[in-house]
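**Student:** Sequence:
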Amino acid sequence: MAIKMGRPGVDGLGDVVRVLGEWQYDGGPVQLHPGDVGWFWRFGAEPTAEATRTWSRAGEVLAVGLLDGAELLRLAFAPPALRDEELARQVAEDVSAPERGVLIEGKVYVEAPMGALIQDVLFKDGWESGEPWTPLRRDLGAPVPDPGVRVEVIGPEQAHEWAAVLRASFDGSTFTDERWHAMAAGAPYVDARCLVVRNEQGEAVAAVTVWSAGEGKPGLIEPMGVHRAHRGHGYGRAITVAAARALQELGSSSVDVCTPSSNVGAVATYQSAGLEQLPERRDLYRNAS
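Just so we're aligned: 276 in the UniProt record's numbering is position 276 of the sequence shown, and the numbers increase by one with no gaps anywhere.
It is worth saying that the hints were derived from the structure and are not from the lab.
Be aware that a few hints might be false.
Beta-carbon label-pair distances, calculated as ranges [claimed, not checked]: (1) Glu215 / Gly155: 17 to 25 angstroms; (2) Val264 / Glu157: 32 to 40 angstroms; (3) Glu203 / Asp11: 17 to 25 angstroms; (4) Gly155 / Glu280: 35 to 43 angstroms; (5) Ala58 / Gln277: 38 to 46 angstroms; (6) Gln158 / Ala2: 44 to 52 angstroms.
Straight-line Cα separation of at most 27 angstroms, BS3-like style, residue types lysine-lysine; simulated pairs [to be verified]: (7) Lys107 / Lys124; (8) Lys124 / Lys4; (9) Lys4 / Lys107.
Even glycine gets a Cβ: it sits at the ideal position worked out from N, Cα and C.
Based on the provided sequences and hints, a complete structural model is requested.
**Tutor:** As structure tokens, then:
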């Protein structure tokens with residue numbers, strides 16, 4: 001049977017989230033996670049559906065892609081299909097042809113799990129290796145210590161505080177209360193939590209969202225930020241530990257996060273919270289034609 005690319009539509013996003021959760025497992029490659037779709041959902045259900053692609057054979061979804069902007073496609077594969085030659089060639093063909101409606105013309109990027117055949121196929125087609133990213137993971141089979149700070153789970157009434165901390169954590173961030181509510185209305189948020197750390201004065205100084213992929217599956221941190229006015233006090237480590245505890249309570253087997261290798265401060269913060277560095281991964285890119 002031929003491989004067919006499709007768009008799930010808003011009604012099909014729940015199924016996409018479900019299969020992405022099924023594909024997550026400890027010891028497997030870090031790849032597109034239900035939480036990545038959940039974080040994108042801050043733009044709304046329809047934009048999320050518009051950004052989502054699936055590749056199927058005989059009605060079975062074997063790969064999922066999320067367009068994180070017009071220049072980057074993030075991919076996940078069903079574990080038995082990571083080395084499926086027909087699938088890899090079809091995905092490569094679709095992402096390399098702008099008329100297929102996946103990636104635009106010019107310089108574009110593909111993020112694919114390490115060990116997936118799609119990487120080999122794209123390399124042979126002239127794609128190149130991009131900047132390195134560092135994945136980190138902490139096993140949640142053992143108790144996670146108390147973070148030693150005041151941690152709160154954020155609900156709709158405190159969304160404005162969470163949004164304000166996030167804006168103050170990332171240069172150029174335009175995150176709004178409305179985007180928090182859109183994210184929280186998405187299917188993946190059923191298994192997610194937003195947390196803040198408060199200082200002794202009661203101010204929200206760090207924020208994180210954690211996403212479960214289901215009982216016994218790796219969970220995800222996306223995003224995590226510390227207010228620029230409150231850095232250097234260990235709040236990044238504290239909220240990462242709090243994130244690990246929250247995922248453990250949700251039944252996750254481990255916690256994953258991925259950050260640019262150039263962001264040495266973030267890597268050090270995650271390591272201080274007990275996450276172990278995994279082998280670097282790199283996006284693939286195609287130069288502008």
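**Student:** Each hint: holds or not?
**Tutor:** These are the hints, each one checked on the structure:
| no. | hint | in the structure |
| --- | --- | --- |
| 1 | Glu215 / Gly155: 17 to 25 angstroms | 23 angstroms, holds |
| 2 | Val264 / Glu157: 32 to 40 angstroms | 37 angstroms, holds |
| 3 | Glu203 / Asp11: 17 to 25 angstroms | 42 angstroms, violated |
| 4 | Gly155 / Glu280: 35 to 43 angstroms | 37 angstroms, holds |
| 5 | Ala58 / Gln277: 38 to 46 angstroms | 40 angstroms, holds |
| 6 | Gln158 / Ala2: 44 to 52 angstroms | 49 angstroms, holds |
| 7 | Lys107 / Lys124 | 17 angstroms, holds |
| 8 | Lys124 / Lys4 | 22 angstroms, holds |
| 9 | Lys4 / Lys107 | 25 angstroms, holds |
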